[in-house]
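Number of protein chains: 4
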Amino acid sequence: MIEAGVVGGSGYTGSELLRIILNHPEFELKFATSRSYSGERIGDILPSLERLTDQSFVSPSKEQLEGDLVFTAVPHTKAMEYVPYLVENCSTVVDLSADYRIPTREFEEVYGAQHSDPGRECIYGLTELNREKIAVSSFVANPGCFPTGACLSVLPLLEEDGVNRILFDSKTGISGAGAKPTESTHFPNVQEEVSPYNVTSHRHLSEMKMVVGGNNRDVYFTPHIIPSTRGILTTSHLFDVSLDEDEVFKLFKDYYDDDYFVRVKKDVPKLSSVRGSNFVDIGGFEIKEGRLVVVSAIDNLVKGAAGQAIQNANIMNNLDEKLGLDYAGLSP
Amino acid sequence: MIEAGVVGGSGYTGSELLRIILNHPEFELKFATSRSYSGERIGDILPSLERLTDQSFVSPSKEQLEGDLVFTAVPHTKAMEYVPYLVENCSTVVDLSADYRIPTREFEEVYGAQHSDPGRECIYGLTELNREKIAVSSFVANPGCFPTGACLSVLPLLEEDGVNRILFDSKTGISGAGAKPTESTHFPNVQEEVSPYNVTSHRHLSEMKMVVGGNNRDVYFTPHIIPSTRGILTTSHLFDVSLDEDEVFKLFKDYYDDDYFVRVKKDVPKLSSVRGSNFVDIGGFEIKEGRLVVVSAIDNLVKGAAGQAIQNANIMNNLDEKLGLDYAGLSP
Amino acid sequence: MIEAGVVGGSGYTGSELLRIILNHPEFELKFATSRSYSGERIGDILPSLERLTDQSFVSPSKEQLEGDLVFTAVPHTKAMEYVPYLVENCSTVVDLSADYRIPTREFEEVYGAQHSDPGRECIYGLTELNREKIAVSSFVANPGCFPTGACLSVLPLLEEDGVNRILFDSKTGISGAGAKPTESTHFPNVQEEVSPYNVTSHRHLSEMKMVVGGNNRDVYFTPHIIPSTRGILTTSHLFDVSLDEDEVFKLFKDYYDDDYFVRVKKDVPKLSSVRGSNFVDIGGFEIKEGRLVVVSAIDNLVKGAAGQAIQNANIMNNLDEKLGLDYAGLSP
Amino acid sequence: MIEAGVVGGSGYTGSELLRIILNHPEFELKFATSRSYSGERIGDILPSLERLTDQSFVSPSKEQLEGDLVFTAVPHTKAMEYVPYLVENCSTVVDLSADYRIPTREFEEVYGAQHSDPGRECIYGLTELNREKIAVSSFVANPGCFPTGACLSVLPLLEEDGVNRILFDSKTGISGAGAKPTESTHFPNVQEEVSPYNVTSHRHLSEMKMVVGGNNRDVYFTPHIIPSTRGILTTSHLFDVSLDEDEVFKLFKDYYDDDYFVRVKKDVPKLSSVRGSNFVDIGGFEIKEGRLVVVSAIDNLVKGAAGQAIQNANIMNNLDEKLGLDYAGLSP
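Those protein sequence lines, which keep their order, are chains A, B, C and D.
Counted from 1, the first sequence has number 240 at position 240 by the UniProt record's numbering; the numbering is strictly sequential.
Counted from 1, the second sequence has number 241 at position 241 by the UniProt record's numbering; the numbering is strictly sequential.
Counted from 1, the third sequence has number 8 at position 8 by the UniProt record's numbering; the numbering is strictly sequential.
Counted from 1, the fourth sequence has number 152 at position 152 by the UniProt record's numbering; the numbering is strictly sequential.
For the record, the hints were derived by calculation from the structure and aren't laboratory data.
Once the Cα atoms are required to be at most 27 Å apart in a straight line, the calculated DSSO-like pairs of lysine-lysine come out as:
hint, chain 1, residue 1, chain 2, residue 2
1, D, Lys266, A, Lys180
2, C, Lys133, C, Lys253
3, B, Lys266, C, Lys180
4, A, Lys322, D, Lys322
5, D, Lys209, C, Lys288
6, C, Lys180, A, Lys180
7, A, Lys265, D, Lys180
8, C, Lys266, B, Lys180
9, B, Lys180, D, Lys180
Between the sequences and the hints, there should be enough to build the whole structure, so can you do that?
Now the structure itself:
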């Protein structure tokens, strides 16, 4: 068994990691840290996990953390405090924060913070893009939730002529905003509402540009909060496309032929099909007047965070990437 | 008092017309038709209207309908059966169906149906665009819900250079689908979901093109259903825009300076601010890398249907356009 | 015109008062206080009210407040700081807090706070119970939201034999918890959830006992939060009832015969029928094995707070109680 | 491996059975029937199951059905057509319909239908009550969703003096109404609503009385639909209770000491803690003025249907009852 630890185990991403680890046939939970709940039983704080573990949250110093595998599920700028110690003391590390996803200089600009661990080598963990590199890496930066759904919806098209302008109009459940109550998570502010935010300048845009930009391609992104807890649906609009619908569909089928967690279908995908699961559903593929619409659906906390982290950890540990993740979502 | 009748009074649009008429200081409900509920008290079928009226639904023949003012709130292809009689027998008629919004030939193509009353003269009732023409018209075709929110979000920009490509990515509450249960209105299919549909070819696109197309301008439209009952939020993306944010804001402020029901603000608008009201809130106005984002929010059943119809009827009857509509929405 | 002021105008109850006052034919908004937003335009803070007023929030000292009519919409223990000044300087005062609803001694026990203005004479403003007393009062304590819906669902039965045990199992929208974000209003904690709280000892119970207790009658109350913003539906269970269903229905019809805002019907009422309106819908009236079920539906922010306060203010000012309130709710 | 079949595989209960079976370490899906979708790939009809199976729905005659284990997930009165054949040809059968839960005569009365297979011997599958009998049975009638949550919330109290009157006030997600769209599942009729129905006479009441009635004990039941897809929360009110809170808590802890899927805690349970899982959370345990409140939470489609059926099937097949069910729910 591989001993797995979670730094930051009581937030939404952390608790989702715990949910998956506790059900993983080859992982054993070694520790879950939480400053707020140190010493308290995990099942008391996260009652959905009662019976699955008797462990309590711990709060050791950074230097004491060790294990075969450690996940950091802490806010950006916090992960960089842990990572230098973890990569020393742990065989494999997956960071779920934003700290290492994009080059240091860009991170500092986009997140308006100084990086205390600049230039560290790491692999960007969009599994379907970098599987081979991930397999030989000991430190992976897990992608952001929006970039995961968005980039996967266009990756097969990037080599095609004319794919010069991509707009991602994304709709996310509110759980992406975390477990802490704020104005924007207040129920009456979400119910019967849909809220665009950072409509031209969301931080995840630079991550998207890193993955699918280049070649003078314009990449635009506007996220919206919908009255749902989980899920990200991204409507990708591409303009001046000269392919036809069948060609596009074939490109996607071929590209993702070996990717278990990517399900390509002609139908527009549904969040309910992926809820609680690591699957990415991609569909739509309609073209009219040169505009191509591709739609992707993920669970933001699974493929958009904890699930993809486990998928990467499996690969880093030479396990079948499906381990602990090979089950259907909750539908309805 | 102006005697007002509603053809098709038991659907969502019809009942919203009744709600407003029963509270209108100058309108008096003359009749509300319903084939399904003929003879039943309105308050028994629509319990929110109990106490506001003691009338019952009626079901006269088309020929018998008359009044100072009649609204048709029936499905497309049904309105054209009534309109020829109504325009004969009633002083003013507002049709809320799709039958007369676009030219006959285009209607037949887009809606796949033959028009039994082709070429009838009428004014397209986007109030803020056509107020003067509406004032002297006796027959108005009330706009679709999506085109209302979408077109108003870009009207002030149409004379500007470089506004050549507009994408409307709209999010609507499910009440737009009507009062009849279907697969797509089934609660578990809407909750925790967001559903793009007709992603390149929604029927309302031709109406949008009629209003804001032209000059080789590309107009695209993708609607989505969100887990809400009311409201349409449209995220309008314009590309290659050479204006700056202040110029855009000023264009909007100036254009809508005399339009009571259009509220222009820098903030991104919220559905809760317009819920149950006839207001259109427009905001956002961010530009980055040539892309301008403008967001509009309406209540699809009010400004998107019954409210705008009343606004038009007021104007057609030489009344203050605010009558019966001058109150705030429900927030939260 | 009657000049009306609101102390605490930016919370949910306060903003609902503003919504109604700004639409009231005989009231004119004199002031709305808000410490947090003093000096800011009301329409900037509460965008649904934009265009209805150009006033700004103010923050005068208690001593400066005066007007024909003042509403206090501040938390409990805060109202008692204002009321002694208001009753001096204002013709009519309606307090929407809990401070004066129940006798001082009981208030201190239930709310665990000392009362700084004990024993002040006031009328409990459950309109349908105390209309005559309200008409000659200058200071009214507006009822709690739960007691309003609960008590009205059993008032007609209190003189009947055998009505010795009443259980109110209530379901409320989350707006009752106020505009400030907390753990219990965090969207993911409300969505797909229903949360019983204070299951035997909610503070409103003592108010219910005051109104419908007595005669050794047992009164029980358990509130639940449902994933809705507005509305309270109360399922009232009465045991060992010897009446039959027709007798019960007749008792209710007779009792509320002159009460415009109480709509008695055999059907189980719906929240959508009262949403945004001052109506109370009461129905159900099923009896089996001695248990009677009566169900009431109100909008917690209207009949459960601001609407009933306006209704009371109308009566205190010798106006038709329907003024400013005589419109249908939003349905759907 | 045990070959498991599902009769009625495309409804909500059937698809939940498929979800669990496809993830079960000892079960192998032999067939899933569906008249509507016969011949179509399961993953095309239920896209959440894509990748988990390549099988298609089948539609054989009743006589042809055979397997080690068969579940019937068809409406009441339909199951009785299959069961006589299944019990002949299959080693173990679990019926998820209402047909065999209560005695034939009572079934005919409550469900208003003639029973074509009267008096058949079977075990009522409330696992925690009848585990031993289930272990030696080859035909089990799986309990209704409401009775499961309700009965488990009071079972430990039935031997106590004074427990003479129990009221179950239950709140259910709409998925209990099935996959077929109706008026009562129409999104605008559920959103911002809570709907009591069959307030004194729901069919599940007779099942509850069978399990927890007797000894002149009064058992009452009122169900409500809340705006959620999954979950049943039952608020159980017991009157004239002479125990204290600690005694009650201890009774529950002791009673369920060996029941893995029952989690007893002092806190009021949450639907999110059990969503998608087979756990029953029971808590509350407040007593005031003789009234005891106990609250239980289940996922209606798992412990309230498919999960408990699998739990029973495990036991009938001499497997650990946790197999295929030992994972946490989705929270948030």
